[in-house]
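**Q** We have chain A; now place chains B and C onto it with these hints.
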Amino acid sequence: MSTTEKVWGVVSRFDNPTDILAAAEKARAQGYKKIDVHSPFPIHGIEKAIGVKATPLPWISLLGGTIGCLVAWYFQYWTTKDYPMIISGKPGLLDSTPAWFVIVFCFTILLCAFATLGGFMVLNDFPKFYSPLHKIKGFERATDDQFFLVVSAADPQFDQRKTRDFLAQIGGQDVTVVTD
Amino acid sequence: MESPKIPFDPATAKAPTSWKGLSVLLALVGAGLAAGAWFIQKDHSRFAHAYLVGFMLVALIGTGALMFVMLQQLSRAGWSVSSRRIAEGWMSSLFLLVLLFIPLVLLAKQGHLYAWLTDFGAAAVKNAGNIPDADRLAAHVHHMSEKKAFWLNESSWLARSAFYLVAWVILAALILRRSFATDVADKEGAAANTTFIGKLSAPGIPLLGLTLTFASFDWVMSLQFDWYSTIFGVIHFADSMVLIASLLIISVACIQGKGLMKGAVNVEHKHDLAKWLFAFNTFFAFVSYAQFIIIWFADIPEETVWYHRHAADGWSLLGWISLFGHFFVIFFLLMSRHMKRNHFVTVLVSIWAILMAIVHLYWEIMPTMGYPVPHAAGPFGVQLADILVIAGLLTLSFAAFLFTLSGRNLVAVGDPRLQEGLKFENY
Amino acid sequence: MSQNAYIPDNPNERVSLVQGGLNFSQVTETVASIAERPTSKIWLFAFLHAAGLAGLVPLALVVLLWNGTGVWGLNNPQAWAWDIVNFVFWVGIAHAGTFISSILTLTRQPWRTSIGRFAEAMTVFSVACAGMFPAVHVGRAWCAHWLFPVPNQMDLWPNFHSPLLWDVFAVNTYATVSVLFWYLGLIPDLATMRDRAKNSVAKIAYGVFALGWTGSIRQWMNFEKAYQIFAAIATPLICAVSAVVSCDFAGSQIPGWHATIFPLYFVCGAVFQGFCATIFLMAIFRTTLGLENLVTMRHLENLCKITLALSFIVTYIYFMEYFIAKFSGNPYEAFCFDNRMVGWYAVGYWTMIICNGVIPQLFWFRAVRNSIPAMIVIGFLGVFGMWFERYIIIMAISHDFLPSSWEGFMPTFWDCALFLGSIGTFFTLLLIFIRFVPVISIAEVKMVMPEAKPQHGDHH
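Chains as they are written, first to last, in our numbering: chain A, 164 to 343; chain B, 31 to 457; chain C, 23 to 482.
Any given hint could be a false lead.
[As the list claims (entries may be wrong)] DSS-like cross-link-like pairs, simulated, lysine-lysine; straight-line CA separation at most 27 Å: (1) C:327 / B:229; (2) C:220 / A:298; (3) C:348 / A:291; (4) A:298 / C:225; (5) A:196 / A:300; (6) B:453 / B:217; (7) B:139 / C:348; (8) A:189 / A:325; (9) A:216 / B:453; (10) B:35 / A:189; (11) C:225 / A:291; (12) A:189 / A:300; (13) A:300 / A:169; (14) A:169 / A:291; (15) B:178 / C:348; (16) A:300 / A:216; (17) A:211 / B:292; (18) B:453 / C:475; (19) B:288 / B:453; (20) A:196 / C:475; (21) B:288 / B:305; (22) B:139 / B:72; (23) A:189 / C:348; (24) A:196 / A:298.
[Said to hold, decoys possible] Here's a subset of chain A near chain B, in silico, CB distances under 8 Å, partners left out: (25) 207; (26) 261; (27) 301.
[Unchecked claim] In silico contact screen, one side only, chain B against chain C (beta carbon under 7 Å); selected entries: (28) 177; (29) 181; (30) 185; (31) 187; (32) 224; (33) 258; (34) 260; (35) 261; (36) 324; (37) 327; (38) 330; (39) 446.
Derived from the structure by calculation, the hints contain no laboratory data.
Remember, predicted model here, so these are calculated numbers, not experimental data.
Glycine included, every Cβ here is placed at the ideal spot set by N, Cα and C.
The shape of chain A in the complex, shown without the other chains (with noise of 0.2 Å):
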């Protein structure tokens, strides 16, 4: 750890979803670009008060998928095409596809759910042990029942007294300058 703590940004507490959504409407209406939001579930529409983009988590698994059909069918392919078992009469290419379809099948599956969880730690940075915001106290119940705006240090418009009274003036409460 640093000796020198610099500033990480600013948080607030809300005690209910209406509250946290109509701050961050305000604080995306006052400019406010690096905010986020901390909550026990998703609020559905926040995401659009302060502008996060749709992820693309579907396009990692769709990836996953599609590697996982190509391998999984030549894989088949490719231990049968040298040496053909040729068993209930099922020999060849194209004649033995529907047999092989359902290997296929599983193996996409199993590649996209990989990919589906890889990609989902990678879009979080997860494993990742260590939040600034662990530091605030009463923060735990962000899992629990309050819900909590932060205004990052980050921000171009970030101004640690200006925000701070800010955040306060919309109604946050323990507003606090957490530090890094």
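**A** Below, chains B and C without anything else, positioned relative to chain A:
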């Protein structure tokens, strides 16, 4: 493009009464097309089979609509309330089906369809000449008809068919009446009617499931009557669900294009209808693949005969279209959320899906022409008369839809769950 | 009002899924405290019994591996016999969890949130039990790796045309995807447990598995999308797993096995059985764990209704099978079904019909759908009947084409020991789960509470 959301305007809920006149006109056109097909088609057996394709299409549209409505009511769904009346309109195909059944019986009685009926099959084999082992084949067909006579005989076939039709008509009529009643009832009355339809649906769904299964056995599977498949009924159920989802997407798009139902069905509802289409199209692929792989894998001659006949003489083309066009094309086009929310894409895919359902029925029914004489269906080909009769019956079905909803509310404005259904969003 | 009273439906208003007026914090407390409070005597009692029963597994396996499969009752023609019955049985139990968390997610059924976690745990543990049976059934268990796609010393690969190999892929994929799906859903709740933990061991343990979750909006968006994708891929997967298991049978030419409805049959049977098991266990654990306000009578009633619908589907399939066997004109098929009804296995056949087709019909009555004892009994009988369904399918090939090879099946002590041991294993794992992990998805339950929806009108 995703169409923008606008609030529901109840003033645009009512269909004009002019639909009645339009429906009469369309009915005349539809009947004319079918009659025209009869006059230009010299081969009456081929006409009968094409007629059966159209008949099954109308049956699947009607039963699909009925099943859709009952499932939504039983599960107390909110999302489907604003488009459910359209499905109720399509249920009217079931009333039409009763009329359409009469020509089917007449065609069957003349020996154009079912080989088991009064031993038509054995006679056909004897008359065909120049086929190898004709006597043994005729004896086999005769033997099988006798063996299956406990189920496949004229009087019980008629009685069962009548039972299916009556059951469907009663269910559809009861649901339509109660649903129209919610439009004019007060809050309590609307709730009571909605609860009634929900309660009726609980026994209605198993009843419809069973009757649809046996209808597909009796009307389609018995064309090639020595063949059997336990999953045959489920395949037709899946197709009926694909049909109704497609018809709902198209009907809503056309009706909203006329400035009616403003805002009632927005992009979220269309997204859900597209999911329904996608889900049941995949289910259709699952059950069709199950039937194919098990028969193909075990290679038992009694069962592979069906695929042999339906792949012979170029008819396999339709099977390939069913696989690639019915499953893969729709699957990949509708996989993405953006595609399901795209108005243009969903309408286009729906038209394609209806076409594919027709191709699938055509593939199941047409190659059995002249059964059990081998290769009696002749090389694969589509004739103008086939298209005319199928189009004619589809037009009649559309006419019944317009007639039923003419002057009625196109949105169930009194439904207690309408407001909830108008509000939701897909996350 | 009693917590076991019927909650009426009113089309004009949706009933709240959380009863007893709990707020967010009380929901957390209700669920999390189960894993936090000191070990109770009841839990210890149940755990020791379950673990004792599970102890039969190593014993039965040692006896089996020492002696070979001769200690079992299998014979020809019933070369698969008892342990494949149990394999299909345990795969079936698994299906409710995946069904609830995939299909009910895709169809936006908010009531699934209270039940999904528990049912998914059942999925993971019963797949673990299922996996044991085919592995030891090969006889020479040290050659079990032959099941996997590795070449032998002659560079020959396994036969990819074989449904038995498909099965290996399907079941392993299913087990893996179920565990990943379950774990994904657990992450936010593990963070809750981490943030509530009083001692540092628990904090670190939960913290490691919570991966650093802070509930930020970006994390939630990725979470919800990932959950939806998992739901979307798990839906065809549950259809595929049982369908592939069914192909082990239907891919053959044996009368009674070879039917085109088999894939659908196994899927629906499995989901039915899984729901029966869920009703049975939920009805018991709901009271013992004090979850009455979260798993309300309405949740249970919904489960009962789905079970009734599934009972109709399995009955439909029993009927279809019988009808087509008669309709087909195939004498072997027809004989096979007559033999099931009046032959050696008639008791099993009628147990199956009564438990799966007849008794669930009691769920037509509201009083039954709202009676905890009735649910426990009917749920148990459903599971029992579904075990007999597999028993009938697998054993009733005993009378096939050649009368000279007809032979009945009687299980031996070691057959039964392994099965009882697997039941013990299942409950041991389930009890460990209850002790350490939130049994209900805390975050998802909060999400479907009316208070979770921001009131838009206030500020626009």
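**Q** To test your reading of the hints: which numbers does this structure violate?
**A** 3, 16, 23, 27, 30 and 31
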